[in-house]
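*Asks:* Make a model of the complete structure from these sequences and hints.
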Amino acid sequence: MSEPIVKVENLYKRFGNLEVLKGINLRVAPREVVCLIGRSGSGKSTLLRCINFLEEPNQGVITVAGISVPAGERTSAHRQQIIDLRERTGMVFQSFNLFPHKTVLENLIEAPMIVKRMSREQVVPIAEQLLEKVGLAEKRDVYPSKLSGGQPQRVAIARALTMQPQVMLFDEPTSALDPELIGEVLEVMRDLARDGMTMLVVTHEMSFAREVANTVCFLDAGVILEQGPPAEIFSSPREPRTREFLSRVLEAGRL
Numbered sequence: 008m009s010e011p012i013v014k015v016e017n018l019y020k021r022f023g024n025l026e027v028l029k030g031i032n033l034r035v036a037p038r039e040v041v042c043l044i045g046r047s048g049s050g051k052s053t054l055l056r057c058i059n060f061l062e063e064p065n066q067g068v069i070t071v072a073g074i075s076v077p078a079g080e081r082t083s084a085h086r087q088q089i090i091d092l093r094e095r096t097g098m099v100f101q102s103f104n105l106f107p108h109k110t111v112l113e114n115l116i117e118a119p120m121i122v123k124r125m126s127r128e129q130v131v132p133i134a135e136q137l138l139e140k141v142g143l144a145e146k147r148d149v150y151p152s153k154l155s156g157g158q159p160q161r162v163a164i165a166r167a168l169t170m171q172p173q174v175m176l177f178d179e180p181t182s183a184l185d186p187e188l189i190g191e192v193l194e195v196m197r198d199l200a201r202d203g204m205t206m207l208v209v210t211h212e213m214s215f216a217r218e219v220a221n222t223v224c225f226l227d228a229g230v231i232l233e234q235g236p237p238a239e240i241f242s243s244p245r246e247p248r249t250r251e252f253l254s255r256v257l258e259a260g261r262l
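Numbering (our numbering), first residue to last: 8 to 262.
Think of the hints as simulated: they come from the structure by calculation, not from any bench. Given the structure is predicted, the values throughout are model-derived calculations rather than measurements. In this text, a Cβ means the ideal position worked out from N, Cα and C, and glycines have one as well. Treat the hints with care, since some could be wrong.
To be verified - Listed next, with one range per pair, are the computed distances between beta-carbon atoms:
#1 E10 - R245: 22 to 32 Å
#2 D148 - N32: 38 to 48 Å
#3 S155 - R21: 34 to 44 Å
*Replies:* The following block contains the structure:
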């Protein structure tokens with residue numbers, strides 16, 4: 008097996024007295040798609056946010072694309088490690104977080120120009136190519152308020168990709184969308200998977216997890232209770248709590 012591009016070792020995260028993550032260990036190979044599933048409050052989004060240090064872990068080590076960052080340090084070197092790690096990861100949230108006063112193109116080019124110090128001439132062709140990829144080339148010069156349906160989330164995905172990340176993190180990217188709009192965003196994510204992008208996806212869309220993931224991790228009460236290939240997790244889960252969760256989701260009509 009190839010060296011993992013993402014490695015989470017002995018990860019703990021507390022909010023006050025509430026322990027949200029309890030010794031998470033996870034390895035993600037290059038080009039792998041890992042879907043994180045589980046009940047609300049199981050720790051899925053917190054795990055994702057710890058991977059790029061949007062949440063500071065209390066204990067453990069996160070490694071992304073060769074950059075290893077231990078929890079708990081407060082040095083300038085540690086801050087630089089976090090910056091280096093974040094440059095290798097892109098993140099897409101539930102809400103789109105687009106700058107309302109900037110056009111779609113300006114939303115895409117801002118981070119590469121500021122963080123990577125790329126010139127406008129360098130980054131505009133990259134941004135235009137990515138807008139083409141997500142099917143929104145014609146929206147280049149419009150403002151976010153003029154976007155509809157799943158378009159803002161597709162712009163948010165393109166914006167994350169302009170940083171040319173090695174790993175993409177998706178935190179329930181379709182949960183804020185109406186059901187009939189979910190498909191267009193998932194199709195962009197399917198294309199990324201087909202192109203070989205390494206992805207960690209927190210999702211309630213079980214059909215997507217079954218179809219696209221290489222590995223599915225079921226989180227329960229702050230631990231990865233079970234993980235394996237989708238066929239194994241969905242067809243013959245070992246753990247009673249996994250079976251209970253999936254049966255409830257099935258009853259809700261999401262499979």
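*Asks:* Now tell me, hint by hint, if it's right for this structure.
*Replies:* Comparing the hints with the structure gives:
1. E10 - R245: 22 to 32 Å: holds, 28 Å
2. D148 - N32: 38 to 48 Å: holds, 46 Å
3. S155 - R21: 34 to 44 Å: holds, 41 Å
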